[in-house]
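*Asks:* Each chain, letter by letter, is given below.
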Amino acid sequence: AQSVTQPDIHITVSEGASLELRCNYSYGATPYLFWYVQSPGQGLQLLLKYFSGDTLVQGIKGFEAEFKRSQSSFNLRKPSVHWSDAAEYFCAVYNTGFQKLVFGTGTRLLVSP
Amino acid sequence: DSGVTQTPKHLITATGQRVTLRCSPRSGDLSVYWYQQSLDQGLQFLIHYYNGEERAKGNILERFSAQQFPDLHSELNLSSLELGDSALYFCASSGTSGGLPSYEQYFGPGTRLTVT
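So the protein sequences, as listed, match chains A and B.
Taken in order, the first sequence gives residues 7 to 119; the numbers are from our numbering.
Taken in order, the second sequence gives residues 1412 to 1527; the numbers are from our numbering.
Since the hints were made in silico from the structure, they are not lab data.
Just so it is clear, the structure is predicted and the values come from calculations on it, not from any experiment.
One or more hints might be untrue.
What the hints assert, rightly or not - Straight-line distance between alpha carbons at most 25 Å, and here's what the computed SDA-like set of lysine to any residue pairs gives:
#1 Lys55(A) x Gln12(A)
#2 Lys1468(B) x Gln51(A)
#3 Lys55(A) x Asp1412(B)
#4 Lys1468(B) x Glu1493(B)
#5 Lys74(A) x Tyr1514(B)
#6 Lys55(A) x Trp89(A)
#7 Lys1420(B) x Ser90(A)
#8 Lys1420(B) x Leu52(A)
#9 Lys1468(B) x Thr36(A)
#10 Lys67(A) x Leu25(A)
#11 Lys1468(B) x Thr111(A)
#12 Lys55(A) x Ala1467(B)
Unchecked claim - Simulated DEER-style distance windows between Cβ atoms:
#13 Pro119(A) x His1421(B): 29 to 39 Å
#14 Gln1478(B) x Gly47(A): 24 to 34 Å
#15 Ile15(A) x Ile1423(B): 25 to 35 Å
#16 Thr1424(B) x Thr36(A): 41 to 51 Å
What the hints assert, rightly or not - Listing some non-contacts, in silico: residues in chain A with all C-beta distances to chain B over 12 Å:
#17 Ser20
#18 Glu26
#19 Ala92
#20 Ala98
#21 Pro119
Where a beta carbon is used, it is the ideal one built from N, C-alpha and C, also for glycine.
The following block holds chain B by itself, in its conformation from the complex (with noise of 0.2 Å):
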């Protein structure tokens, strides 16, 4: 067990639905990223949020926003679903190092997500 727990472990919805991914990292960690996990992309990193500011982006879609609250869980919320969004989506978390993001994540258990 990482720590990091994800929610809901399993989501089914239709295309054009929005949903939302919950994260809650490891007790004490500052950062949260998002990665996609497909057959076809492989695991792509997604955004990467530090103390609730964001930090980076990556392969993140216009459809797909997060955000990262006071409390420091996060939030992935993807609108407008397609066949393709359909994949694990897991957050991983890491603490600090010199005032600097750990390099070392710990991943969650992941969200699959399959859109209909």
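Just chain A, with the same shape it has in the complex (with noise of 0.2 Å):
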């Protein structure tokens, strides 16, 4: 069965400071790729996405984030975290004989100033 894994449960990062957050899945298929942010009392807001072509994608609020499929990685990062970055990230792989998105458990960000 798919499933992702979010090793950080949570992260602090000073304000500036570059961000990385990790992420692993297991599919037997080629994978596609997300990933979410929750801001307290809010809903999934889609970052990115990797279906297929260049590993390094590009998402809004100036994040990326790179496929490495040796490595079954889909790490999400930014190089320089705004305060207003603070949320829950969320990892996903999208199941297609289900139809459905398999999410990861969620790393927290927290921004220090």
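Assemble the dimeric complex from its two separately framed chains, guided by the hints.
*Replies:* Here's what the structure looks like:
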């Protein structure tokens, strides 16, 4: 069965510092991968997606992610974090058989001044 | 704003009761998905409808049911509510690509259900 692992439950980053959130997936076929962000009391907003092609994908709000098939990873990065980036981030893989998203447990990002 | 709307935003009800959550997908999207988000279970897929037909079921309890209407809005019905049903319920919608549901899902703001 497909699964997504986000090994970091919480991460604290200083404002202006770089960020990397880890995501590992388990999926037999070509993965369709996503990162979503959830601000407190809000829904999930799609940050970026990977379907095929260039393994480095750009998203909204200055985020990017790199797909590494050999490591089954799809890590999210941002060169300089802003206080408004504090939120929970979810990595997800699309299960084409069941036509559903399988989510990781999320990483809560805290931004310190 | 994703274009997906959900009502109500908050719902407080008692155990044993029945509630209906409503979702309107983005204009033109044929697929509607329902997810439950709770502290202990995380984000769990419940059910998927495509153009009025049920396409997939996930971890949906028998006390829960859903439907998608001809105008493509969807309703999630939760009955015989228990304390453990307290959660955020999200609706998401997606379009089509090559005649199949697109992989990208856009989420509504959610309905927070509190069962007391």
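*Asks:* Can you list which hints this structure breaks, lowest number first?
*Replies:* 20
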